[in-house]
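Everything in the sequence shown is counted per this note's numbering, starting at 1039 for the first residue and increasing by one.
You may find that some hints are simply not true.
[Unchecked claim] Here are the computed lysine-lysine pairs in the DSS-like style, where the Cα-Cα straight-line distance is at most 25 Å: (1) 1317 <-> 1246; (2) 1066 <-> 1044; (3) 1048 <-> 1066; (4) 1317 <-> 1231; (5) 1231 <-> 1246.
No lab work stands behind these hints: they were computed from the structure.
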Amino acid sequence: MEAGIKTVEKLASWNRRELDSIPGVGDKSLDRIEEALGEVGLALTDDPLSPYECVREGRAAWDVRLCSFHLCEACVAEWTVGAFRGEPPVFDATVLSGSCQNCTQVASDLHLAQWLLCGNCERVARSIGRSIAAEMYVATRFEEAFRQSLLELEQLDQPVLRAHDAQILEQKTPSIDFMIHEEGTPIAGIELKTGRSHLGGWAPVGAKMATFQLDHGDCDDISEVATSDGIVVYLFHAQVIDRAEPPTTRFEAVGLWWIDPFSFSESYQTSRTRPRETKTAAYYSTDRFRPFEEFEEHWRSGEMASVRQRFGQHGQPPLYR
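Could you build the full structure based on these sequences and the hints that come with them?
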């Protein structure tokens, strides 16, 4: 045999990558070699340079790397059991006090916890705390604005890091983030999106968003919920920024805007695939988003009732074309 492999033992000392470099040896040959070795109780050597396996997706990829998080003890356990299929951190040490990157609560016994994650799963994991901060902000602002009114806000879909398989299954059942009740009757829904930019107003923080972007999949979910539940779904945008609290980072919500589905539909500009992504996103002008301070008057003036009436007559408008 080529490459000086003359015994079964010598063959077993090689790994798939090394054998694959031999002319004429491909995946089918490698599979047969592994099967034959297994019949005599042997196996190819593990490749020390093979890609790592993402603990959330359960597959190997070349963008998987060691990712570090500052988490409280409860969130370390939650991610281990709920998101990473029982796999504990590859490194875990109680090192400091600060803000938990997941639940956003301040803790005196934060863990430095590390897992192997692909780029997409790392982004998802790091987005949870930001989403939690945004939803807490919405609940607080709503309570302040409608404390003396007949409206109540019900949270429906809480941000939680889930295993990749579970997330895919859940995506088959669209949901929204909040339901608004008037004297116990649902009158409107809210889908909340979070970002670092603002949409205008008095004394804004940071940069203004040039165009609002929403994945077609998110648009479809909103439309499906609105149609199936017969409910007007408003889109809210919360601006959440990072504030340094060394050695941790705190998420702070600083602004909130909203738009009704008809104004949102009329603000549509175009659709295209984002750079370095595969999903198609719809792009909207931002001039018809309104600050949260105007939402109470929107309800009290009967404007919300007019939107609901229009929805009852014409149904959910298309959010992209």
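Checked hints:
1. 1317 <-> 1246: Roughly 24 Å between the alpha carbons, so the hint for residue 1317 and residue 1246 holds.
2. 1066 <-> 1044: Given that 25 Å is the threshold and the Cα spacing comes to 20 Å, the pair holds.
3. 1048 <-> 1066: holds (20 Å)
4. 1317 <-> 1231: Status holds; Cα separation ~17 Å.
5. 1231 <-> 1246: With a Cα-Cα distance of about 15 Å, the restraint between residue 1231 and residue 1246 holds, given a limit of 25 Å.
Every hint, counting from the list given before, is met by this structure.
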